[in-house]
Amino acid sequence: MSLEPLTSAAPVIQVHAWAAIAAVALGAIVLLRKKGDAWHRWTGRCWLAVMLVTVLSSFFIHELRTWGDWSPIHILSVVTLFLLVRAYQAIRKRNVTRHAHLMKTAFFNALLLAGFFTFLPGRIMYAVVFGPPASDASMSATLMWTLIIGAVIVVSGWRHAPALIRRLGKPAHAPQRRL
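Numbers in this note's numbering are just positions in the sequence shown, counted from 1, shifted up by 205.
Heads up, some of the hints might be wrong.
Stated by the list, open to error - Cut-off 27 angstroms, straight-line C-alpha distance, at most; resulting in silico cross-link-like pairs (DSSO-like, lysine-lysine):
1) 309 - 298
2) 240 - 309
3) 309 - 239
4) 298 - 240
5) 298 - 239
No lab work stands behind these hints: they were computed from the structure.
With the hints as extra help, turn the sequences into a complete structure.
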């Protein structure tokens with residue numbers, strides 16, 4: 206493991222990477238701790254700030270170019286920005302349930318799903334953690350789309366698994382309760 210690939214990257218990539226690392230750490234703390242107290246609100250605001258830095262800096266990174274300067278990962282940046290704004294609006298309206306759902310979605314989809322792609326061969330974080338690839342491991346757009354669609358299916362399935370398990374555990378023709 207060497208930080209050299211990251212420290213030699215463009216400044217915007219460094220800002221983006223360090224903000225994302227801080228967001229993963231802060232997000233995990235916020236999700237695991239008690240909700241609603243002053244500490245939760247303070248760390249939540251810090252998390253929102255580093256997430257905004259992460260998202261906004263991503264629009265200045267153009268390493269993968271599928272459509273001009275843009276790539277499929279930029280779609281995730283737009284969705285994440287939307288989720289963060291909606292989650293902030295929800296908590297301002299005291300809709301805690303919607304806020305919690307949107308924040309968890311932003312954390313899992315934006316940080317963990319996007320984080321998965323940073324560790325693919327040929328990417329900077331891959332080189333940081335695993336060292337340089339043995340050969341030129343640049344990915345084609347088709348492979349990138351396949352991985353994105355596969356990851357979305359896995360994440361979606363994982364998020365909905367508890368409800369599916371509950372549904373599968375019930376008999377198909379369970380008697381209906383009448384009120």
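Consistency of the hints with the structure:
At roughly 18 angstroms between alpha-carbon atoms, residue 309 and residue 298 fall within 27 angstroms of each other, so this suggested pair holds. Restraint check: the Cα-Cα separation between residue 240 and residue 309 comes to about 13 angstroms, which is no more than 27 angstroms; the hinted pair holds. Taking the CA atoms of residue 309 and residue 239, the gap is near 15 angstroms; set against the 27 angstroms cutoff, the hint holds. Restraint check for residue 298 and residue 240: satisfied, since their Cα atoms lie roughly 17 angstroms apart, inside the 27 angstroms limit.
Annotation: proposed proximity of residue 298 to residue 239 holds, straight-line Cα distance about 21 angstroms (limit 27 angstroms).
Violation of the numbered hints given earlier is absent; every hint is satisfied by the structure.
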